[in-house]
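There are 2 protein chains.
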Amino acid sequence: MSSSSSALETEIFQYIDLHQNVLVENLEEWVAVESDSVQPGLRKEVIRMMALVANRLKVLGATVNSVNLGSHQLPDGQNLPLPPVILAELGKDPQKPTVCFYGHVDVQPAKKDDGWKTDPYTLTEINGNLYGRGATDNKGPVLAWIYAVETFKALKLAMPVNFKFVIEGMEEAGSLGLEELLEEEKRCFFADVDYIVISDNVWLSNRKPALTYGTRGNACFFVEVESGDKDLHSGTFGGIIHEPMTDLIALLDSLVDPTGHIQIPGIYDNVAALREEERKLYESIEFDLEEHKNNCRVKKFLYDTKEEILLHLWRYPSLSIHGIEGAFHEPGIKTVIPAKVIGKFSIRQVPHMDLSVVKQQVVEYLENVFSKRNSPNKLKVSMPLGAKPWVADINDPLYIAARRAARTVFREDPDFIRDGSTIPIARMFQTITQKSVIMLPIGAADDGEHSQNEKISRYNYVEGTKVFAAFLLEISKLHGQLQEISNTKTDN
Amino acid sequence: MSSSSSALETEIFQYIDLHQNVLVENLEEWVAVESDSVQPGLRKEVIRMMALVANRLKVLGATVNSVNLGSHQLPDGQNLPLPPVILAELGKDPQKPTVCFYGHVDVQPAKKDDGWKTDPYTLTEINGNLYGRGATDNKGPVLAWIYAVETFKALKLAMPVNFKFVIEGMEEAGSLGLEELLEEEKRCFFADVDYIVISDNVWLSNRKPALTYGTRGNACFFVEVESGDKDLHSGTFGGIIHEPMTDLIALLDSLVDPTGHIQIPGIYDNVAALREEERKLYESIEFDLEEHKNNCRVKKFLYDTKEEILLHLWRYPSLSIHGIEGAFHEPGIKTVIPAKVIGKFSIRQVPHMDLSVVKQQVVEYLENVFSKRNSPNKLKVSMPLGAKPWVADINDPLYIAARRAARTVFREDPDFIRDGSTIPIARMFQTITQKSVIMLPIGAADDGEHSQNEKISRYNYVEGTKVFAAFLLEISKLHGQLQEISNTKTDN
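Residue numbers (full-length UniProt numbering), protein chains in the order written: chain A, 1 to 492; chain B, 1 to 492.
Calculated from the structure, these hints are not laboratory results.
Hints may contain errors.
Copies of the same chain are indistinguishable here, so a pair counts whether it falls within one copy or spans any two.
Said to hold, decoys possible - Pairs of lysine-lysine, BS3-like flavour, derived with a Cα cap of 30 Å:
1. K300 <-> K380
2. K112 <-> K340
3. K111 <-> K380
4. K44 <-> K380
With the sequences and hints as input, model every part of the structure.
As structure tokens, this is what we get:
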């Protein structure tokens, strides 16, 4: 294992260090655009932001295609134009691999009044942190990537790879239209792509780098119990009817035991067995249990060790009950017997759970529990949303290259982490394009994406740019070696 | 048992029959006032209504005192004047008993758009039914009582009793200020009252008269489970924490079994044993099970016989779960782990359950169930509202007199019924004044109080007036007999 940088790397890193204020100024300019994709009134700012990105990529020398996605309809009937998705490319050397970078430049809503210490749209540096909406999610990483590419140009170095860019402006509003675009472009724009890099998440720790190789999926369920079409008064009917709420509460209570173990028969059958190699990955991970506990304000976790906690967050399913629609939910008292109640719960999915199998197991189990109650009410179980989990092979060249890059820049091995949440983007790219995908974060755990006082540290921003540059050298090198092996094999 | 009317009764009944259009015109005039006490903007109409009542009682010859109750504050800070409560009296003969009638002339909100076939504030007769807001709840019965009294005057008959009236205008908004007024007046206005008559409910059947001798109370509970002050994301924390919703669902599920039986130890200990005499009352009650089933749109009740159904509605406790505050309750999906959830349920109270004992049983039971879960979350069980049940002695002179009156008018014995709901008014009068109270309804089961197309039938309105008149004769007679017995005893 070498953690020292080559002369080439040293030259690149020095250039980045020297020009770091340009990097910060670029981010200041982008953060100043209130490209909030959630609030309809700010859509024109998102569109203005996309034009800035297109311009920035043209300056880089890329061929830029701003793909018009038309418009979408809001719940109130209003039609709103979608911002374009930018597909750009730079370099077409058939000898080099092609790396496609995905990022987004729209942001979550933010107002000073929400509890920001600084104006969210004025990038402000305090104690080495750059505060501003979008600083880490995701304008900073997008600029870091662009700057890493630019550094090769500035230093008149050979481009290590061919570049492609997919930059969107609707990520915080559900990436409307992106999936269809990927489908359309899979045999065009994506045909010659070898690797896809996404940098839209953060490390697990505040100081140790990480590579993300998996996200959980999610199967959402509705359990509807209905007695009739009329809510009843608990004085006039309490005591003589099978109340739908009582049935629903019993159904929900049958799902999970006090230790968090899911009670649905067979639900764990398809969960991938934990291999020794995989378990070892967890040992070195930097994760502060106490900090995490404080973070979520709970007194005690279901498990005591770091390893058990992370395994249950990342590679085992979990079941959460979110609430009930149709019952009384306001403050105060209402002595109602609701006629139709819908319980909502979800089961986080991990490899190799199959959504259709899970659905069948849940439906059969709940129907069985319900049948034992002899209730005349109607039960309906549905799965309105099912998102598959994603997991990458950490021995893929993408991960080897990213690991080497992180080691070069930070002088330590990155953690191999997953995300307990469902981030559909990696799986979407992988499923549609059939290419290798890596999630390569440069922000730290405490960056506060989606929160007040979102930030990226100057350190993470600058060193992250270096990681991207080093990664490009490493993937180029690795790809060349793989080609040689492959050619040798073909020759023989 | 005599069901034929005396010459005096015949004379009175004929007068009422002949003047029934006056009765209907009076009701038309009162229904025309939109005396909705719920909507602040209509408060002046309630106040105008009270003035009409005061005037009507003055015409009757009563001394009228419109008691100013001041004002009350709305949740938005606005101060709104309370309508006066009318305390009126007519006659002060120490030889006669004094009967106090309670009624209200405010109404529930009603708009034609809500689904009324006719304008709710224009009394409209269709097929013998008088449709209009307040027709049965409670303007019709108040006028019937006034007219019954007036009939004695018109026919120049001796007044059978002394009269008192308590007429309020805030019943539909919680009888604000009434309880305090009763407390203040218990040794003044109520000092010489012998009997209290309330006619603010309806029969159990559409055609058979009924006397109400009991109402259930209600103990409302909040069960709060809290993990911290921050809702969490089920992707980022699902699988490693004791979720408050899972705890709450288990607590709620421990309350009642699929047959409706309450699982809280000791909860049935103080429920009065069912005496044979009491059970017999249920046999003759007219109650259409199928109609009741259709009414509440359920397919099957927990019990098969009329007797079991009514016993469980009226004289056994029942437990209903109303909903959860703090959890996700909207349509759609939100993958939240709520940090603080409050389950709401209530237990209908029957004699001789004691609210403080019930509270202790519930708290101890839930704390015990919770402790077995080993959850680090915080549990808080509270009883924000406790209303006691009310039951009257059906051998009280009030009930004997009312039974005879109903029998005279309708030529059949009335049903002795209770109400599963909590109607605090009867208990309030009884507790504060320590007088005998009867609930003597004249409206039918299908009158639709609080609903669209509220009505009272012309038949019920006119015959109800006769029942009141006959009742006054009967209670006068009974009271005289009781005085004689009492005097005889004193003489010896």
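Does the structure break any of the earlier hints, and which numbers would those be?
-> 3 and 4
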